[in-house]
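Q: Sequence:
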Amino acid sequence: MNTPAILALEDGTLFRGRSIGVDGAAVGEVCFNTAMTGYPEILTDPSYHGRLVTLTYPHAGNAGMTAIDFESAAAQAGGLIVRDLSSVASSWRAEQSLPDYLRANGVVAISDIDTRQLTRILREGGAQRGCIMTGEVDADEALARARAFGGLQGVDLSKVVSTREPYSWRRGSWQVADGRADSAERDPATLRFHVVALDYGIKRSTLRQLVDVGCRITVMPAQSSAAEVLALQPDGVLLSGGPSDPAACDYAIEAIRELVERGMPTFGLCQGYALLALASGARTAKMKLGHYGANHPVIDLGTRRVMISSQSHGFLVEEASLPETLRATHRSLFDGTLQGIERTDRPAFGFQGYPEASSNPNDLPPLFARFLELMAQAN
69 MNTPAILALE DGTLFRGRSI GVDGAAVGEV CFNTAMTGYP EILTDPSYHG
119 RLVTLTYPHA GNAGMTAIDF ESAAAQAGGL IVRDLSSVAS SWRAEQSLPD
169 YLRANGVVAI SDIDTRQLTR ILREGGAQRG CIMTGEVDAD EALARARAFG
219 GLQGVDLSKV VSTREPYSWR RGSWQVADGR ADSAERDPAT LRFHVVALDY
269 GIKRSTLRQL VDVGCRITVM PAQSSAAEVL ALQPDGVLLS GGPSDPAACD
319 YAIEAIRELV ERGMPTFGLC QGYALLALAS GARTAKMKLG HYGANHPVID
369 LGTRRVMISS QSHGFLVEEA SLPETLRATH RSLFDGTLQG IERTDRPAFG
419 FQGYPEASSN PNDLPPLFAR FLELMAQAN
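At position 57 of the sequence shown (counting the first as 1) the number is 125 in the working numbering, and the numbers step up by one without a gap.
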């Protein structure tokens, strides 16, 4: 296909390429992900809802798309931007090609642009509003749409991506050797802890990792109250990642504050980490670029151990705003931003990235071990 496509940034920069998805237009915040693998997970990760994702690795599509790799049931990224699309999906596990997936799921996407130049623009100037337009393209209209996009600050997208109804999850990690076969559901009798996961944009790999370490999970909608969570008598609560400005999720902050004050063992990941910080009296702020990728070095301030983490967030917790009841535990070695917190008076802690390994590093099992320890101490 040689359908024309353009990417317009709010600063007036225009890239011309070709469409590899559906015809139409998509607006959102343009970010770049530095991972070399994992585009199926990135496209289906709810953390990318409302974002136009640039892959800095120049080649995409060679592994095709396989449903078991997906982090949610639907495409989440607002649009996809790549340098070069593979003409062949050569993985023995592939169920469809990347373009076929994009078209089947209504994703606007562009290839054949200079993603190195685009990444430089974003690194120097910060995240920008953008518009991908394909098919009948109009540069002036694309630029106008990019500038009309309201941005993500102050926006709550967790209500959009969250489950509408509670559900149970008991499947652990699957094995590549099994191809497309999912893991079997675990017998609840073999799972020691009951965890309620509040879904602000949860990833399936997070759920699988919790099952791997012995947890049966009830996933609850983002707007669930503390009373609804406590009625399930969980051993602990997981606060998931997600795409929102955490400060916009007032309902979540209120529920988390009550859960933590009642002494519920609580573990916050990514957006959940920021929500825990807000519920504990700290502040958050929009980042210039955000952190998106699978190669972010983080130092544990207690052990001085350096770990490589997967991250996908555009907001940070301001370390200077931490109250006396919050202690800094991790820091980014890329830009020095705060990456981990722990309550000094309650069994609650959080981490800015993702510790599960799903096309990501596997350096952070101590975080899950810490969660299990808190739940064991409470029982």
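Calculated directly from the structure, the hints in this document are not laboratory data. The C-beta atom is built at its ideal place from N, Cα and C for all residues, glycine as well. Incorrect hints may appear among the rest.
[What the hints assert, rightly or not] Simulated DEER-style distance windows between Cβ atoms:
id: 1; residue 1: 92; residue 2: 260; range: 34 to 40 Å
id: 2; residue 1: 172; residue 2: 404; range: 39 to 45 Å
id: 3; residue 1: 318; residue 2: 206; range: 19 to 25 Å
id: 4; residue 1: 318; residue 2: 252; range: 23 to 29 Å
id: 5; residue 1: 252; residue 2: 404; range: 41 to 47 Å
id: 6; residue 1: 299; residue 2: 86; range: 51 to 57 Å
id: 7; residue 1: 182; residue 2: 300; range: 48 to 54 Å
id: 8; residue 1: 280; residue 2: 105; range: 33 to 39 Å
Q: Tell me, in ascending order, the numbers of any earlier hints that this structure violates.
A: Going through the list in order, the structure violates hints 1, 3, 4 and 8 and respects the others.
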